[in-house]
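S.K.: Residue 102 in our numbering sits at position 102 of the sequence shown; the count goes up by one each step and never skips.
Because the hints were derived from the structure by calculation, they are not lab data. Just so it is clear, the structure is predicted and the values come from calculations on it, not from any experiment. Don't be surprised by glycine CBs; every beta carbon is placed ideally from N, CA and C. Check the hints yourself; a few may be wrong.
Unchecked claim - Below, in silico cross-link-like pairs of lysine to aspartate or glutamate (EDC-like), each with a Cα-Cα straight-line distance of 16 angstroms or less:
| # | residue 1 | residue 2 |
| --- | --- | --- |
| 1 | 129 | 115 |
| 2 | 153 | 108 |
| 3 | 104 | 115 |
| 4 | 61 | 98 |
| 5 | 41 | 64 |
| 6 | 153 | 98 |
| 7 | 153 | 142 |
| 8 | 153 | 133 |
| 9 | 61 | 115 |
What the hints assert, rightly or not - Now the in silico label distances, taken between C-beta atoms and shown as ranges:
| # | residue 1 | residue 2 | range |
| --- | --- | --- | --- |
| 10 | 163 | 36 | 46 to 54 angstroms |
| 11 | 11 | 147 | 51 to 59 angstroms |
| 12 | 170 | 69 | 28 to 36 angstroms |
| 13 | 133 | 27 | 51 to 59 angstroms |
| 14 | 141 | 55 | 38 to 46 angstroms |
| 15 | 40 | 122 | 13 to 21 angstroms |
| 16 | 60 | 147 | 20 to 28 angstroms |
| 17 | 162 | 36 | 51 to 59 angstroms |
| 18 | 27 | 64 | 15 to 23 angstroms |
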Amino acid sequence: MGVVGGGGGMLEGAGLQLGFYYRNTGGDVQPFASIPVTYTKAVFPTTSHLVDFTVDLATVKSTDAWAGQHIGMMIVSAGDPSLAGGYWDLDNVRLTAEPSSEIKLTFERVGRNVELSWLSATNSSYQVKISEDLQTWTNYQDRVVGTGGAIVKTILPAERLNAFFTVIASPNP
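Sequences are here, hints too, so could you generate the full structure?
M.R.: Next up, the structure:
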């Protein structure tokens, strides 16, 4: 989010809290990630240029209270009341989500073949690798571009007693 502080004679030390919240079953606001923003002339040397602030959040786990909930962005005055006055200008709010880097790989034996499957993310590509000893890995076929849905890759039988598989995700070029 782009922030300008210092407008209207704002005093140094005035503050905001930027973050995310969800509402619990009782309807109460429950913040779960936030950062403070404090006005100083060093941080906001001009009132004509936005300064970017980012609220980062780790991958949401199914056990997190906000998992599966509607979330909101919060902008809350967090300053000492004796520093009241002036105004903030906020613009260019961006909410981005990065796909989880964790891949849950499942497999199924279908006849003599092995089918590997996993959920993909758009803008990611995936390389299946195979190893006989967990030391040396080789690419199996070409990279697959994620669609946001399940990807199924059929591994043809080979004359191997052992075969280990992994899938490596990377941003799609």
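S.K.: Assess, step by step, whether the Cα of residue 129 is no farther than 16 angstroms from the Cα of residue 115, and give holds or violated.
M.R.: 14 angstroms, holds
S.K.: Go ahead and decide if the range 20 to 28 angstroms is satisfied by the Cβ distance of residue 60 to residue 147.
M.R.: 22 angstroms, holds
S.K.: Between residue 11 and residue 147, does the C-beta distance stay in 51 to 59 angstroms?
M.R.: 52 angstroms, holds
S.K.: How does the Cβ-Cβ distance of residue 162 and residue 36 compare with 51 to 59 angstroms: does it lie in that range?
M.R.: 54 angstroms, holds
S.K.: Residue 153 and residue 98 were given as a pair; does the straight-line alpha-carbon distance stay at or below 16 angstroms?
M.R.: Violated, at roughly 24 angstroms.
S.K.: CB of residue 40 to CB of residue 122, is that within 13 to 21 angstroms?
M.R.: 40 angstroms, violated
S.K.: Mind checking the alpha carbons of residue 41 and residue 64 for me, to see if they're no more than 16 angstroms apart?
M.R.: Violated. Residue 41 to residue 64 sits at ~38 angstroms, over the 16 angstroms cutoff.
S.K.: Run the distance test for residue 153 versus residue 108: straight-line Cα separation, threshold 16 angstroms.
M.R.: 11 angstroms, holds
S.K.: Within a Cα-Cα threshold of 16 angstroms, do residue 61 and residue 98 meet the stated pairing?
M.R.: 14 angstroms, holds
S.K.: Are residue 153 and residue 133 close enough, with their CA atoms no more than 16 angstroms apart?
M.R.: Violated. Residue 153 to residue 133 sits at ~21 angstroms, over the 16 angstroms cutoff.
S.K.: For the pair supplied as a hint, residue 153 and residue 142, confirm whether the alpha-carbon distance does not exceed 16 angstroms.
M.R.: The hint holds at about 11 angstroms.
S.K.: Using the Cβ atoms, figure out if residue 163 sits within 46 to 54 angstroms of residue 36.
M.R.: Roughly 52 angstroms apart at Cβ, these two residues keep to the hinted range, so it holds.
Hint compliance for this structure: hints 5, 6, 8, 9, 15 are broken, all remaining hints hold.
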